[in-house]
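Residues per chain are reported as follows:
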Amino acid sequence: MTIARALVDLPEAVEVRTVEGPHGRVLYEIKVDERDVGKIIGRQGRVINAIRTVAKARALRDGKKKITVELAE
Amino acid sequence: MRSVEKTGRTKEEAVRAALKELGVGLDEVKVEVLENENRSGFLGMFQVKQVRVRVSVVEDVGKVAARFLREILVGLGVAARVEILRRPDQIVLNVNGADLGVLIGRHGQTLDAIQFLVGLVANRGAEEKKRIVIDVQGYRRRHEESLRRLALRMAERVRHERKKAVLAPMNPADRRIIHLTLQGQKEVFTYSEGQEPFRRVVISPQEKAE
Numbered sequence: 001m002t003i004a005r006a007l008v009d010l011p012e013a014v015e016v017r018t019v020e021g022p023h024g025r026v027l028y029e030i031k032v033d034e035r036d037v038g039k040i041i042g043r044q045g046r047v048i049n050a051i052r053t054v055a056k057a058r059a060l061r062d063g064k065k066k067i068t069v070e071l072a073e
Numbered sequence: 001m002r003s004v005e006k007t008g009r010t011k012e013e014a015v016r017a018a019l020k021e022l023g024v025g026l027d028e029v030k031v032e033v034l035e036n037e038n039r040s041g042f043l044g045m046f047q048v049k050q051v052r053v054r055v056s057v058v059e060d061v062g063k064v065a066a067r068f069l070r071e072i073l074v075g076l077g078v079a080a081r082v083e084i085l086r087r088p089d090q091i092v093l094n095v096n097g098a099d100l101g102v103l104i105g106r107h108g109q110t111l112d113a114i115q116f117l118v119g120l121v122a123n124r125g126a127e128e129k130k131r132i133v134i135d136v137q138g139y140r141r142r143h144e145e146s147l148r149r150l151a152l153r154m155a156e157r158v159r160h161e162r163k164k165a166v167l168a169p170m171n172p173a174d175r176r177i178i179h180l181t182l183q184g185q186k187e188v189f190t191y192s193e194g195q196e197p198f199r200r201v202v203i204s205p206q207e208k209a210e
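Here the protein sequences line up with chains H and D, keeping their order. Start counting the first sequence at 1; every next residue gets the next number (this note's numbering). Start counting the second sequence at 1; every next residue gets the next number (this note's numbering).
Just so you know, the hints here were simulated from the structure itself, not pulled from any lab data. Wrong hints could be hidden among the right ones.
[As the list claims (entries may be wrong)] Taking beta-carbon pairs under 7 angstroms as the criterion, some of the chain H residues facing chain D (in silico): (1) Gly24; (2) Arg25; (3) Ala50; (4) Thr53; (5) Arg58.
[Claimed, not checked] DMTMM-like mimics (lysine to aspartate or glutamate), calculated; alpha carbons at most 25 angstroms apart, straight line: (6) D:Lys163 to D:Glu187; (7) H:Lys39 to D:Glu128; (8) H:Lys39 to D:Glu71; (9) H:Lys31 to D:Glu71.
Since the model is a prediction, treat every value here as computed from it, not as a measurement. Ideal Cβ positions, reconstructed from N, Cα and C, are used throughout, including at glycine.
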């Protein structure tokens with residue numbers, strides 16, 4: 001999901017890794033520059049939660065069951 | 001943000017050179033004067049005035065918002081058109097197409113998330129923040145109308161029974177619609193109570209005590 005790229009100051013540093021698990025599980029692991037971590041999480045996690053919601057909509061469309069969005073350390 | 005720095009004998013001259021290079025008009029840029037000095041020239045015999053400016057292209061919030069929204073739509077595999085409506089207090093992006101339920105989600109959850117992200121991206125670095133509203137096939141308008149009807153119905157009941165009514169938890173935008181709808185109504189008062197995300201509107205026959 002390249003949504004992340006538009007939200008940060010250093011888009012070149014953004015990486016998204018997709019890991020497909022069994023039973024239609026998918027994990028998106030977002031990696032951003034450490035200076036952008038705050039931006040991607042947002043106040044009280046609002047930004048990351050909004051990203052999760054949109055990712056879920058995408059999963060629904062693709063027929064995936066469970067989707068997880070996590071920030072890589 | 002695209003920007004160039006130019007030097008000229010006058011501010012106008014420098015700005016003109018910058019606009020030419022950027023290929024945009026004066027109404028699309030922000031001009032900062034970096035240096036404005038009178039330098040003594042050769043042996044102090046003549047003065048050379050030099051003005052250095054930075055000219056940056058200011059991107060239109062509505063266009064940035066629409067572009068980002070289209071990217072999200074592509075990412076979601078949704079084929080739809082985005083139309084930009086400019087209102088004095090907000091920019092409305094209307095999404096039209098077939099099979100857009102996926103954009104709305106349960107109780108408009110997905111739509112709210114998309115709207116939040118688009119608002120964030122569009123207003124990034126903008127000097128004047130604009131409220132961005134995204135609507136899908138008139139969903140928000142219909143939702144707003146049903147909230148207004150609910151507000152008026154409940155107000156009528158409160159007036160009749162002289163007892164306060166506590167509505168279901170709502171997000172700030174929905175609560176705002178209820179408050180605004182009943183603002184001018186006689187004999188009823190509204191306020192919110194509780195903590196997010198369970199904050200709810202109370203319609204009361206009296207003003208809030210305490």
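Hints, verified against the model:
About 17 angstroms separates the beta-carbon of Gly24 (chain H) from the nearest beta-carbon of chain D, more than 7 angstroms, and the hint is not met. With 7 angstroms as the threshold, the beta carbon of Arg25 (chain H) stays out of range of chain D, its nearest partner Cβ sitting at about 19 angstroms, so the hint is violated. Using the Cβ-Cβ criterion of 7 angstroms, the hint placing Ala50 (chain H) at the interface with chain D is satisfied: the shortest such distance is roughly 4 angstroms. Taking 7 angstroms as the C-beta cut-off, the interface hint given for Thr53 (chain H) holds, the closest approach to chain D being about 4 angstroms.
Interface restraint check for Arg58 (chain H): the shortest CB-CB distance to chain D comes to about 5 angstroms, inside 7 angstroms, so the restraint holds. Straight-line distance between C-alpha atoms of Lys163 (chain D) and Glu187 (chain D) comes to about 12 angstroms, which keeps the hinted pair within the 25 angstroms bound. With a C-alpha separation of about 20 angstroms, the suggested pair Lys39 (chain H) and Glu128 (chain D) falls inside the 25 angstroms cut-off, and the hint holds. A C-alpha spacing of about 20 angstroms is found between Lys39 (chain H) and Glu71 (chain D), which places the hinted pair at or below 25 angstroms, so the restraint holds.
The suggested pairing of Lys31 (chain H) with Glu71 (chain D) holds, with an alpha-carbon distance near 20 angstroms, which does not exceed 25 angstroms.
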